[in-house]
Amino acid sequence: MKPLALLLAVLLAAPMTLLPLTARAADDVKIALVVPLSGRWARQGQLKKMGAEMAIAEINAQGGIKALGGAKLVLREADAGDSVEKAVSAAQRALTREKISAGIGAWLSSFTLGVTEVAERLEVPWFTLSYADSITERGFKYTFQTSPVSSVQAEQALDLVVDLAKRNNQPIRKAAIVGDNTAATVFFFKPLREKLLKAKGIEIVVDEVWTPPLADATAIVQKLRGTQPDIVFYGATNFPDSIQVLQKVKEFGVKVPIQGVGAWLVTPEYVKTVGKELLDNIMSVVAAHPLKGQEELVKRFTERTGEPFMTQDPLMAYAHVWIIKEAAEMAKSADPRAIRDAVAKLDLRTGPAATTLAPGRIKYDERGRRIGAAPIIVQWQNGEPFTVVPAEYATRKPNWHGAK
Amino acid sequence: MRRLLPMALVVLLGVAVAFALGERYHHRIFTLVLVWATMGLAWNIISGYAGQTSFGHQAFFGIGAYVTVLLVVTARLSPWLGMLVGALAAVLAAVLIGLPTFRLAGIYFALATLAYPLIFRIVMDYLGYQEVSIPMVRDRPAAFMQFGDPRVYDLLALAALAGTLLLSDWIEGSRLGYALRALRANEQAAEAAGVDTFRAKMLAYMLSAAPAAVIGAIYAHAILFVVTPEAVFGVLVIVQTLVVCLVGGIGSKWGPLIGAVIMVPLSETLDATVGDRLPGIQGVVYGAALVVVTLFAPEGIYWRLHALRRRRPVGERAPAMAKPHAVAAPPGRASAAPGGTLLEVAGVSRAFLGLHALDDVSFTVRTGEVLGVIGPNGAGKTTLFNVLNGFLGPDAGDVRYRGESIVGLRPSAVCRRGIGRTFQVVRTFPQLTVLDNVMVGAFAHERATAAARERALAALETVGLTSRADDVPSGLTTLDLRLMELARCLASVPELILLDEPLAGLSRDGVETMAALVRRLRESGVTVVIIEHTMYAVVPLVDRLVVLDHGRRIAEGAPNDVVRDPTVIEAYLGKRWLRHADGLRA
Amino acid sequence: MAAADLAQYVVTGLLVGGVYALMSIGLALIFGVMRVVNFAQGDFMMLGMYVTYFLALAGVDPLLGALVVIPPFFLLGVLVHRTLLVHVTGGGDAQRLMDAQLILTLGLSLIVTNGATMLLTPMPRGIRTAYATHAFAVGGLLLNQARSYAFAMALVLAAGVYVFLTRTDLGKALRAAADDPEAAAYQGIDVRAMHGLAFGVGIALVAAAGGLLATYHPIEPTVAVNFIVLMFVAVVLGGLGSIPGAFAGGLLIGLVQSLTLLVLPFQLQNVGVFVTFLLVLYLRPQGLFGRRLRAV
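Protein chains in written order, with my numbering: chain W, 1 to 404; chain X, 1 to 586; chain Z, 1 to 296.
Just so you know, the hints here were simulated from the structure itself, not pulled from any lab data.
All C-beta atoms in this analysis are idealised placements derived from N, C-alpha and C, irrespective of residue type, glycine included.
Among the hints, a few may not be true.
[Claimed, not checked] Taking CB as the label site, the calculated pair distances span:
| # | chain 1 | residue 1 | chain 2 | residue 2 | range |
| --- | --- | --- | --- | --- | --- |
| 1 | X | A558 | Z | D169 | 57 to 67 Å |
| 2 | X | F352 | Z | Y162 | 46 to 56 Å |
| 3 | Z | D169 | X | T478 | 49 to 59 Å |
[Said to hold, decoys possible] Here are some chain X residues the structure puts well away from chain W; computed CB gaps all over 12 Å:
| # | residue |
| --- | --- |
| 4 | L156 |
| 5 | L224 |
| 6 | I554 |
[What the hints assert, rightly or not] Listed next, the stretches of chain X that the computed footprint assigns to chain W, with coverage defined by at least 3 CB atoms under 8 Å from CB atoms of chain W:
| # | segment |
| --- | --- |
| 7 | 165-171 |
| 8 | 230-243 |
| 9 | 264-273 |
| 10 | 377-383 |
| 11 | 509-523 |
Work the whole structure out from these sequences, hints included.
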């Protein structure tokens with residue numbers, strides 16, 4: 001047995017020495033981007049990477065971080081893959097193999113929950129677009145949640161939608177809830193179902209929630225046809241599921257206003273897969289979308305990447321890099337703790353960091369939630385999603401479904 | 001103590017590595033190695049030792065994780081306690097899953113077990129536990145398994161690994177281990193040798209569920225920080241477990257450890273080097289590594305190495321000589337009076353698809369006699385044995401042993417009551433040595449391994465196979481195989497032995513050896529029932545004969561009477577007997 | 001519930017089940033002949049979807065594309081068998097072989113999924129067909145056109161395989177090799193070649209299923225995860241290795257998924273499928289259409 005134990009010893013020790021610790025480049029300020037780059041959510045990770053890379057290119061072209069003698073920003077990607085284990089490993093790897101000033105990620109809220117734990121322990125400020133309330137309910141000092149949290153989104157989005165319907169003289173009396181039971185959707189639907197709709201006197205006529213993957217949408221669409229709700233709150237984060245529902249809606253000729261909950265519904269692949277006719281007038285609540293006056297930004301992005309338009313994922317990553325830049329300027333340091341303290345004090349109202357996201361202000365509260373973060377409503381019009389609500393940021397006027 | 005040494009070395013080495021590593025990320029990889037090695041070892045208990053491949057072991061991993069974390073979140077119960085609750089819940093789940101599922105074997109068992117974690121996953125989502133994050137406890141972190149020092153997680157996982165290694169080691173050397181390896185090789189032979197295969201499998205399942213739950217809880221705290229149905233009940237969990245075990249080699253406690261030590265760092269190294277630069281490539285390379293391992297070491301790395309360093313002892317080996325010794329007296333069992341009724345077969349019928357294999361068969365076996373059951377092929381002889389030892393239930397009739405009905409008992413229970421049997425085609429446990437084969441039988445009445453070994457050695461001596469004790473059955477002659485099977489049967493201390501064509505395929509010398517052995521057995525007080533379809537060999541050996549034809553008993557009595565019985569000659573023996581008589585003269 | 005509604009549920013379930021059925025018969029053939037549990041089956045389906053997609057970009061209707069993929073994927077299957085699977089099939093300890101096959105096909109699956117992610121990008125794609133969003137109206141019932149076409153072609157392909165297996169000499173040789181490889185070898189049947197044939201046909205069938213699926217389902221490198229479990233369930237429901245059984249098993253899954261909605265919350269839809277699966281295994285382990293009892 002002894003040779004076996006020896007063999008085990010060698011095998012145990014050998015791979016540990018193989019992992020290279022990248023040499024520390026001197027002056028660069030390094031930002032970790034931990035997002036899925038392989039597996040099921042790789043597309044979203046790629047979109048975030050595009051946004052972050054664009055911000056970094058812009059900042060470096062403008063002379064880097066001036067307070068640090070023009071230090072360049074560098075992006076360090078780590079692939080969060082398709083499991084919490086891999087996502088947390090990626091964060092651990094990114095944060096320990098070299099000095100990282102701040103991190104961004106990890107797209108899926110369960111990934112973010114795990115990844116922020118690592119950042120908290122290593123004291124590196126972490127920026128996320130994930131919606132889950134729980135991310136900033138743990139008393140973490142290093143987590144900054146830029147999106148409005150799910151519960152806020154649900155409440156404010158409902159106000160916006162009800163208001164919009166009223167202004168189009170088609171008040172909402174019957175609502176449908178249709179979607180999957182992934183975390184993002186569930187946390188949006190829960191307050192709607194439990195109190196918000198009732199408070200507005202809206203009756204829930206259809207409440208159908210499935211576990212992805214969806215086998216077939218016929219039963220759901222039959223119910224929609226049978227009840228004719230004034231609005232359908234729709235949350236199908238799994239792309240094939242969503243496509244099935246939309247195809248079925250068309251097949252059954254159901255005419256109902258669809259109000260998506262999340263940015264998953266405004267990606268370019270929808271146009272290619274179901275066509276713009278089917279998408280037109282569909283709205284979605286998102287945390288970020290190009291606003292009025294950002295046409296130049298969007299143009300730079302589309303030219304750079306070949307994507308037809310810009311959406312929440314690249315936009316948020318873009319903003320996050322700019323916020324980190326401003327914090328580093330303020331802290332006059334690349335030290336993650338100093339940057340964290342700067343972020344906590346930051347109150348920006350100008351520059352790309354502040355103006356990329358509505359309402360044009362970057363300030364985080366003591367929990368790490370962005371003050372004033374509010375949902376906006378995007379609508380598909382002629383094969384492209386435009387911000388339509390609130391009016392001050394809108395790039396198009398909303399078409400209430402079927403309204404003249 | 002010698003056998004504990006390698007495990008102690010592994011643990012010491014683990015401690016050394018935990019203190020030698022500096023990088024947090026390296027600690028994380030090390031913890032992952034230990035986690036997946038432990039999970040692999042847990043899986044190995046039911047799927048390696050017992051051979052019941054499970055695709056659903058993540059059910060217990062997930063139960064451990066969810067129960068522990070939900071207790072932290074809802075009741076502020078320390079995970080140190082919650083982990084135990086989780087382990088208990090997992091053991092309970094194993095019983096509930098095992099009860100219906102052990103009726104299935106092979107791929108059916110594997111796929112049935114897969115359904116459970118899939119269901120659990122959907123139900124957890126349905127209940128609203130999409131993502132349960134572990135709250136960070138700042139005032140008493142240690143009480144909530146939260147440590148800033150990554151070495152603590154290493155040591156925690158190492159403790160779980162050490163515990164599971166010890167458990168595996170204990171199983172390997174215990175009565176349960178022999179039972180599992182026997183049933184893995186041949187479930188029916190194991191039953192006939194006194195192994196309650198259902199109980200053994202269930203025990204193994206429970207013992208493998210508990211460490212899976214414990215390591216699931218540790219995984220949640222040390223690795224995930226947030227529990228999601230997919231992260232703990234998902235297919236990736238069982239995939240990782242299978243990879244670790246199958247690459248390392250299953251059926252040994254070292255296999256999963258070797259597999260984890262190679263595959264986990266490989267996967268992480270790929271993620272860290274090429275994966276971040278060219279996402280997806282790590283999966284391709286990892287997949288290719290799996291393919292390469294299968295092609296070069298399909299049985300797993302451990303067994304590959306094992307085969308390389310195994311030197312078969314060569315040298316003089318005397319041919320097996322039957323030197324019958326007295327059979328060890330049955331312990332604590334009142335011996336039946338010679339000549340009285342030991343076994344009573346009363347009106348037994350059994351049909352297959354309307355065909356009467358046994359039709360109202362009645363006869364008795366008297367204590368101390370050698371009874372021959374003869375009849376042509378298809379007369380129902382083996383079916384009769386299968387009914388007598390419990391493989392088959394009779395459609396009608398009763399079998400009474402020592403005055404008590406044994407109908408409905410499992411074969412293993414029948415064996416422990418004192419009825420042993422051999423098979424027409426010898427059923428061995430091929431991966432076990434001859435001694436281990438016989439020990440399986442010895443465990444019918446012994447709990448301790450040492451005592452079972454003694455008993456098995458005595459049985460081997462009785463049949464004259466002592467010199468073959470350390471060989472594997474594949475190298476044995478037909479006679480040796482039959483002797484080994486008889487020794488396995490004798491080791492279970494039977495009062496009544498059912499021999500199914502023990503002389504088939506033996507040379508004349510072999511027949512002599514076997515016949516002498518049967519006589520010695522009778523002299524030592526064991527009752528014997530022999531099935532044969534060739535009469536010439538058994539007539540001189542038996543006290544009485546029962547003749548079966550087409551499932552019916554057509555005669556019973558002293559050999560000479562039966563041979564002269566005109567009904568038997570007319571109805572059954574006529575030509576056949578003449579032919580055998582000719583054969584004898586030739 | 002009105003009878004018409006119930007009828008719609010049944011029809012919908014059967015239409016959904018049609019593609020499960022076609023996906024599953026390839027797996028059933030491979031298992032039946034080679035006793036190989038192929039975890040990479042779904043990934044070959046994914047490749048079939050992509051090939052059909054690129055053909056559609058070149059103007060080939062996906063219904064035709066689904067047929068066009070058959071010959072190349074047959075060759076691909078034969079090639080994979082020649083280079084890889086021969087090493088883990090044939091003689092030897094059945095348990096050990098199964099373990100080796102598991103790891104081999106798992107590795108293959110990882111290579112194909114991740115390779116596709118790298119080469120084809122993770123971006124979801126789709127073929128926009130008119131029939132994906134139109135239905136045939138039959139006596140008040142709506143039959144989705146894409147699913148109806150897929151169902152019909154699944155039926156034709158399955159029947160073709162069945163006729164091939166039962167009526168042709170080659171098919172009979174294949175079955176002989178499946179039933180008793182040793183006896184078949186004694187009769188001069190090249191069992192290894194039969195395995196290659198079965199694997200090739202099995203892969204071609206699942207690629208065709210992918211092509212049909214692509215007429216209405218988006219295409220991603222990871223699309224297989226949505227179906228692979230159901231494919232195994234269908235094969236077991238029908239009786240491992242039975243072609244008509246796997247077909248019926250696929251239909252049954254669609255039906256159970258659809259009818260479960262009448263008694264369970266939507267979220268628990270697949271619990272209905274898995275419970276049915278367990279009940280069938282426990283009560284009739286040879287499957288609904290299995291010929292032999294393989295379990296204890």
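Going through the numbered hints above, which ones does this structure break? Give me the numbers in ascending order. 2, 3, 5, 7, 10 and 11
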